[in-house]
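Q: For the record, the sequence lines run as chains E and Z. Last residue of the first sequence: number 736 in the numbering used here, and the count goes up by one each step with no gaps. Last residue of the second sequence: number 364 in the numbering used here, and the count goes up by one each step with no gaps.
No lab work stands behind these hints: they were computed from the structure. There could be a bad hint or two in this list.
Unchecked claim - With a Cα cut of at most 30 angstroms, we get these calculated DSBU-like pairs of lysine-lysine:
#1 563(E) x 330(Z)
#2 683(E) x 720(E)
#3 683(E) x 50(Z)
#4 683(E) x 330(Z)
#5 305(Z) x 330(Z)
#6 720(E) x 41(Z)
#7 77(Z) x 41(Z)
Unchecked claim - A short, non-exhaustive set of chain Z residues, derived as facing chain E with CB atoms under 7 angstroms:
#8 41
#9 49
#10 52
#11 53
#12 89
#13 95
#14 105
#15 110
#16 115
#17 204
#18 225
#19 229
#20 233
#21 237
#22 303
As the list claims (entries may be wrong) - Here are a few chain E residues that sit away from chain Z, every Cβ distance over 10 angstroms (derived from the structure):
#23 513
#24 526
#25 532
#26 542
#27 548
#28 563
#29 568
#30 571
#31 613
#32 623
#33 651
#34 665
#35 674
#36 701
The beta-carbon is built from N, C-alpha and C at its ideal position, and this holds for glycine as well.
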Amino acid sequence: MLEPTAPPRKAPLAPPLDTRHQVETPEGIDLPLRPAGLPVRAVAFAIDLALRGVIMGVLFIALAFLGKLGMGLGSLLLFAISWWYMVLFEVLRQGRSPGKQWMGLRVVHDDGTPVGWSASLLRNLLRFVDLLPFGYFLGTLSCLHHSTFKRLGDIAAGTLVVYSERPLTRPQLPEAEPRRTPVPLTLKEQRAVLSFAERQNDLSPARVNELAALLAQPLRISAPKAVAELNGIARGLLGPT
Amino acid sequence: MKQSLFESRHKAEWERFAMALERLEHGKDTTQVSGFPKAYRRLCQHLALAQERGYSSFLIDSLQQQVLRGHQQLYRHRSHLGANLLSFVLADFPRLVRAEWRFVLAAGLLFFGSLIAVGVLVYAFPELIYSLIPADQVREMHGMYDPVAGHLGRPVERAASEDWVMFGYYVMHNIGIAFQTFASGLFLGVGSAFFLFYNGMVIGAVAGHLSDIGYGQTFWSFVIAHGAFELTAIALAGAAGLRLGWALIAPGRLSRGEALQRAARKSVLLVCGVMLFLLIAAFIEAYWSSKTSVTPATKYLVGAGLWALVAVYLTFAGRTRHAPE
Chain E
496 MLEPTAPPRK APLAPPLDTR HQVETPEGID LPLRPAGLPV RAVAFAIDLA LRGVIMGVLF
556 IALAFLGKLG MGLGSLLLFA ISWWYMVLFE VLRQGRSPGK QWMGLRVVHD DGTPVGWSAS
616 LLRNLLRFVD LLPFGYFLGT LSCLHHSTFK RLGDIAAGTL VVYSERPLTR PQLPEAEPRR
676 TPVPLTLKEQ RAVLSFAERQ NDLSPARVNE LAALLAQPLR ISAPKAVAEL NGIARGLLGP
736 T
Chain Z
40 MKQSLFESRH KAEWERFAMA LERLEHGKDT TQVSGFPKAY RRLCQHLALA QERGYSSFLI
100 DSLQQQVLRG HQQLYRHRSH LGANLLSFVL ADFPRLVRAE WRFVLAAGLL FFGSLIAVGV
160 LVYAFPELIY SLIPADQVRE MHGMYDPVAG HLGRPVERAA SEDWVMFGYY VMHNIGIAFQ
220 TFASGLFLGV GSAFFLFYNG MVIGAVAGHL SDIGYGQTFW SFVIAHGAFE LTAIALAGAA
280 GLRLGWALIA PGRLSRGEAL QRAARKSVLL VCGVMLFLLI AAFIEAYWSS KTSVTPATKY
340 LVGAGLWALV AVYLTFAGRT RHAPE
């Protein structure tokens, strides 16, 4: 059955069902971050690895023409690319190396702020430990075990790999006659009804009917017209547009 | 208040905020965003209201996104690398080394202790070298430091471009070792301790062996100058690693994760100093140590001077309060 009354105002937030990581800001706002799991990070890393390979290949061919000078430059470049590629991209491009950008990821501090020099350097230096004993074995273990998918470098540096936020588009609410709710709704229920209306265009008609039918009886609305009635309630909650 | 009224009332404000965000994120002219913190806090209030009044997910999500972006701009850790670098070199780094003297001492004892002990052992029992270092590497070493060949380190007098090649190689190789020594400290410090001991052992074995077979002059005059920076740097990298490990072994009143993060913040600064040292070392090694036109006596003198310089720098730099300014 539905909750009869609104929860007390100071009730703690229920832990989310998904992997969202709540960061509380000094303003008392909970910001949800969505940590990225192992597979997507592995793909991002593979892209970066391939890109580095291509860059080094091209540079070495170019430097081969420069002889000895090229060899010196080459080893400096090898050093720079193998140790600094990630750090430079992460710090100068708001936490996104090309691979991460491709996969829609970014690196942030635990508190949600963009990653800085020391944290980025640290997490990339400690990559050496994550690589051990072979092929990111320890990093993988740590990533799978941790609640926000951190590898060892992330734990020590206090960083988090999260999905970048995507721009939202305003959903079109279905046309309906605004109406009052037949029973008082809690805040959660209000949001659920509004979400039902906002997401309706993404759902199949059968699913829409099924979801609405579930609510027909507790909301005391007629089952055959449940969808239209729910949309009406949503319109009513939203107010005149 | 109905959601639509709330939205229409604050729409203009949100749009202004979004524009200020755009400007900040692209690092453009930031003089026009003086009201940003205030606008950000108002946005936070709007988000809290929207959540508390059960407004629709779209509104809450988009407000949340704006707040997140604002949070990242308002609370970002801005570092002024250029200005900090000078005070880091002049004061902060030696201060940090002194503040962490326990770990520096432990790492120094491990590294230089094993270096000297193994060096003396190999000098006393020459055949020991073959159980420490593969025979073909020993042969290669003989070729490099053979005093009869009349030059140091390389088979022929090197051109300037070759110095450059070696510079690149030393940077790559030595900083790699230092990073490895540091990072492996995450295994409760055991990794750092191992690399400190192992590197000390190998260097000691080489030094003892070459002194024993009478190549001492070429070897010592070659390594003394850059060794001041290189060996100190390896020891400091180890100290940074040991600090990481110690935070895990004895976190004190913090949780292990928190202790590790704090130790890591300190030790990454040590590693920055180590990189600086190794760059200097690579430069000296490529352009000074390999010079054959300089007499060994001069090299010893300069080398001793550099060792003294490193010691004085780490002990005394940044002691006076106003030194960096």
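Q: Determine for every hint whether it applies to the structure shown.
A: Hints versus structure:
Our distance criterion of 30 angstroms between C-alpha atoms is met by residue 563(E) and residue 330(Z), whose separation comes to about 18 angstroms. As the CA atoms of residue 683(E) and residue 720(E) are separated by approximately 23 angstroms, the hinted pair is consistent with the 30 angstroms bound. Distance hint between residue 683(E) and residue 50(Z) is fulfilled; the C-alpha atoms sit about 24 angstroms from each other, no more than 30 angstroms. Note on residue 683(E) and residue 330(Z): the hinted pairing is violated, with a Cα-Cα distance of about 78 angstroms set against a maximum of 30 angstroms.
Taken as a hint, the residue 305(Z) and residue 330(Z) pair is broken in the structure, with Cα atoms around 38 angstroms apart against an allowance of 30 angstroms. A distance of roughly 25 angstroms separates the Cα atoms of residue 720(E) and residue 41(Z); the hinted pair therefore holds under the 30 angstroms criterion. Restraint check: the Cα-Cα separation between residue 77(Z) and residue 41(Z) comes to about 25 angstroms, which is no more than 30 angstroms; the hinted pair holds. Look at residue 41(Z): its Cβ gets to within about 3 angstroms of chain E, closer than 7 angstroms, so that hint holds up.
Among the interface hints, the one on residue 49(Z) is violated; its C-beta lies about 14 angstroms from the nearest C-beta in chain E, farther than the 7 angstroms criterion. Against a cut-off of 7 angstroms between C-beta atoms, the interface hint on residue 52(Z) is violated, since the closest Cβ of chain E lies about 16 angstroms away. With its C-beta approaching chain E no nearer than about 13 angstroms, residue 53(Z) sits outside the 7 angstroms limit, and its interface hint is violated. Taking 7 angstroms as the C-beta contact cut-off toward chain E, the hint placing residue 89(Z) at the interface is violated, the least distance being around 10 angstroms.
Below 7 angstroms, beta-carbon pairs count as interface contacts, and residue 95(Z) has one with chain E at about 4 angstroms; its hint therefore holds. Taken as an interface hint, residue 105(Z) does not check out: its beta carbon lies about 10 angstroms from the nearest beta carbon of chain E, beyond 7 angstroms. Hint on residue 110(Z) holds. Least Cβ distance to chain E is approximately 5 angstroms, under the 7 angstroms limit. Hint on residue 115(Z) holds. Least Cβ distance to chain E is approximately 5 angstroms, under the 7 angstroms limit.
With 7 angstroms as the threshold, the beta carbon of residue 204(Z) comes within range of chain E, its nearest partner Cβ sitting at about 4 angstroms, so the hint holds. Taken as an interface hint, residue 225(Z) checks out: its beta carbon lies about 5 angstroms from the nearest beta carbon of chain E, inside 7 angstroms. Hint on residue 229(Z) is violated. Least Cβ distance to chain E is approximately 12 angstroms, over the 7 angstroms limit. The interface hint given for residue 233(Z) is violated, since its Cβ lies 13 angstroms from the closest Cβ of chain E, which is over the 7 angstroms cut-off.
Taken as an interface hint, residue 237(Z) does not check out: its beta carbon lies about 16 angstroms from the nearest beta carbon of chain E, beyond 7 angstroms. Of the supplied interface hints, the one on residue 303(Z) holds, with its beta-carbon coming within about 4 angstroms of a beta-carbon of chain E, less than 7 angstroms. Annotated as non-interface, residue 513(E) keeps its C-beta farther than 10 angstroms from every C-beta of chain Z; the closest such distance is 14 angstroms. Against the 10 angstroms criterion, residue 526(E) falls within the reach of chain Z, whose nearest CB is about 5 angstroms from its own CB.
Once the 10 angstroms rule is applied to beta carbons, residue 532(E) is consistent with being away from chain Z; the minimum gap is 20 angstroms. A cut-off of 10 angstroms between C-beta atoms confirms that residue 542(E) is not in contact with chain Z; the least separation is 24 angstroms. Residue 548(E), annotated as away from the interface, keeps every beta carbon of chain Z farther than 10 angstroms; the closest lies near 17 angstroms. Not every CB of chain Z lies more than 10 angstroms from the CB of residue 563(E), the least distance being 4 angstroms, so the non-interface label is violated.
Not every beta carbon of chain Z lies more than 10 angstroms from that of residue 568(E), the smallest distance being close to 7 angstroms; the non-interface claim is violated. The Cβ of residue 571(E) does not lie farther than 10 angstroms from every Cβ of chain Z; its closest approach is about 4 angstroms, which violates its non-interface assignment. With a least CB separation of 5 angstroms from chain Z, residue 613(E) falls inside the 10 angstroms interface cut-off, contrary to its annotation. Under the 10 angstroms C-beta cut-off, the non-interface status given to residue 623(E) relative to chain Z is violated; the minimum distance is some 4 angstroms.
Interface exclusion of residue 651(E) from chain Z breaks down, the closest Cβ pair being 4 angstroms apart, not more than 10 angstroms. The beta carbon of residue 665(E) sits about 6 angstroms from the closest Cβ of chain Z, which is not more than 10 angstroms, so the claim that it is off the interface is violated. Even its closest Cβ contact with chain Z, about 14 angstroms, leaves residue 674(E) beyond 10 angstroms, as expected for a residue assigned away from the interface. No beta-carbon of chain Z is positioned within 10 angstroms of the beta-carbon of residue 701(E); the least distance is around 22 angstroms.
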